[in-house]
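Q: For the sequence shown, the numbering used here begins at 1271 and goes up steadily by one.
Derived by calculation from the structure, the hints in this document are not laboratory data.
Heads up, a few of these hints could be off.
No farther apart than 27 Å at their CA atoms in a straight line, the calculated lysine-lysine pairs in the DSSO-like style are these [claimed, not checked]:
1) 1884 with 1495
2) 1493 with 1891
3) 1493 with 1603
4) 1455 with 1603
5) 1863 with 1824
6) 1891 with 1376
7) 1638 with 1319
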Amino acid sequence: MIPEAQPIFTQNNQLRIEIFNHNLQHGEFKFCFSLVYSIISIDGAKIIKQVGRYYELKTHQNNIFITLQPSRIKSYNMSCGPEGVFIISKKEELLNLNLKSLKFEKEIISPSYDFETIDNFNPIIPETEVANFKNKFINLKNLKIKINSDEIKFFDVFSSYSSAISLDFNSFEGFPLIFQKIEIKDEEYKININENKIEIFFSNYAGKFYAIISLIQLIHFYKNKLPHCNIEDKPSLKWRGMHLDCARQYYSINEIKRLFNYMALFKLNRFHWHLTDNEAWRIKLDCYPHLADTGAFRGYNHLIPPFYGSGYHKYGGYYEKDDVAELIRYGKKLNIEIMPEIDLPAHSWTLLQVMPELRDQSSNTESKDVGLYSNNTINPSVKETNIFLENIFKELSEIFTFDIIHVGVDERPKDSWESSPKIIEFMKKNKLTSYDAVQDLYMNNIISTLKKNNKRTAAWNEAALPPHNDIGSSGSAGELDKSCLIFAWEHSEVGIESTKRNFETILCPGQKTYFDMAYNNSTKERGICWASTIEVKEIHDWKPMEGIDQSHQKYMQGIQGQLWSETITDKEYFDYMINPRLATLSEVAWRSKSFRNWVEFRSSLLNSVRLLTKMGWKFHKF
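Using the sequences and the hints given, assemble the complete structure.
A: Here is the structure:
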């Protein structure tokens, strides 16, 4: 008889797991799974192994009762149950298991999305700065546009969009399109459409590319015709980004390219590639090839256990130099630059399993971070650590062409360096009075290393400021080199403070830009909610400049969406968490505030979602 397991959230939000249809004796098998919220207490079983939020239990009754870390919204959803569930026999063999779908004794219904639309709106997202549409149209016969033969190769990059709407750019027939290069700003463009031709004015590749993107959106909306119009457009923010966590879940190069196609459709120009974390090391470097060979894979009885739903079998992957080069080339065609992130000194549990010499082995303190990872922080007083940092940043500087490398520095546990004899000696030698001062010295050394390699350093806000969330983390003592680009994630006030301290800053507050957050409090939703729930309208209404003094606004360089992948245990969830939130964020990023009202924007967004659907994207209701 195949054992069955039924997870249920009870009326009082306790997770009950019922195990039945088995003839196994209690204590003779292990029940293994991952969670996105920590276990506070457990009844009916004993935790015999825990790494982060991966658990192995020995049961002593059919019902396991688990109290989880409280949810901000006082309820849980489909992402909060056990993931990657499997059972192991006393002989360490994998047993068959029928895992039933998560149930809720008290369901919270999804909100209704009553849709009000208007007929007359600018269909382009992000909205153009100037758009004069005339009530006069050109008939696009068979959706053919004639271009110069020497432009054919340039138009190859638009194939994913043009094929979705049966649009044909060719050099033989159709309505003529002419390019003219003029002196205007980078990324700026102008479009003039009249009865004779389409004229596009630009100064650099980005402007030329974005003009065609806007034209494609127009053609999709108007189908087989085009309005006479004059369009003038340029972005207000330099950095319009999207982040993807490829450590907790692995994404292939083709999957990332698909995301790039989405980003480019909405004129986003920066990709933040999160390559390492507690759960994995995803890039293969010549200086330490064993890091990826071992640290990019996980599973039961592997050095790295099956975090976040990856299950019993071996899971994972890594990116080689050729993969990176391919993605860089593809990104440049879409005007997307790639910034890699190696998350240090904390968030390094996997790194330290492979290279334990980067810790002070004589330290007798066990520290834990907010994700329950023990001793996950490299030690800057250790000689091997400094050699390691020099080597990896030199090689990363050679691999990546963009001039910025992100080095993490978030959520370092307060006690991570306490009781380290080498740290104590290091502090005396350098006349440092706090562990935060140790972090500043560590960071300034990295900044110096990257400068030698012609790169600029970026980091999360704890690199420059004290932490603003009470999760047991440390931050800066106030001595960080001002050249560091700061990503302000904790909340909007952090971004305001960062600009006040004269750091160039990218705003990415969890309450507006973390797409791993659930849309709402429905039990049928996916995502977590430590920051907030984030409906699409809340992103649309966000004014990132709000609260930043006029004198400090020059330091606000842009905004960025984030997808942390703890809850993306099935790739089908990927689309719903991003779409249409990222398209909406692009409106804010291009203009820095949303000029059109929600009803008008929503009408435009519906048009864009229809195009994305043709390109194979699913979407969440909005």
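Q: Look at each hint and say if it fits the structure.
A: Cross-check of the supplied hints:
1. 1884 with 1495: holds (19 Å)
2. 1493 with 1891: Holds, at about 24 Å.
3. 1493 with 1603: holds (26 Å)
4. 1455 with 1603: Since the Cα atoms of residue 1455 and residue 1603 sit roughly 19 Å apart, the hinted pair holds (cutoff 27 Å).
5. 1863 with 1824: Holds: residue 1863 and residue 1824 sit about 15 Å apart, inside 27 Å.
6. 1891 with 1376: holds (23 Å)
7. 1638 with 1319: The hint holds at about 15 Å.
The structure fails none of the hints (numbered hints given earlier).
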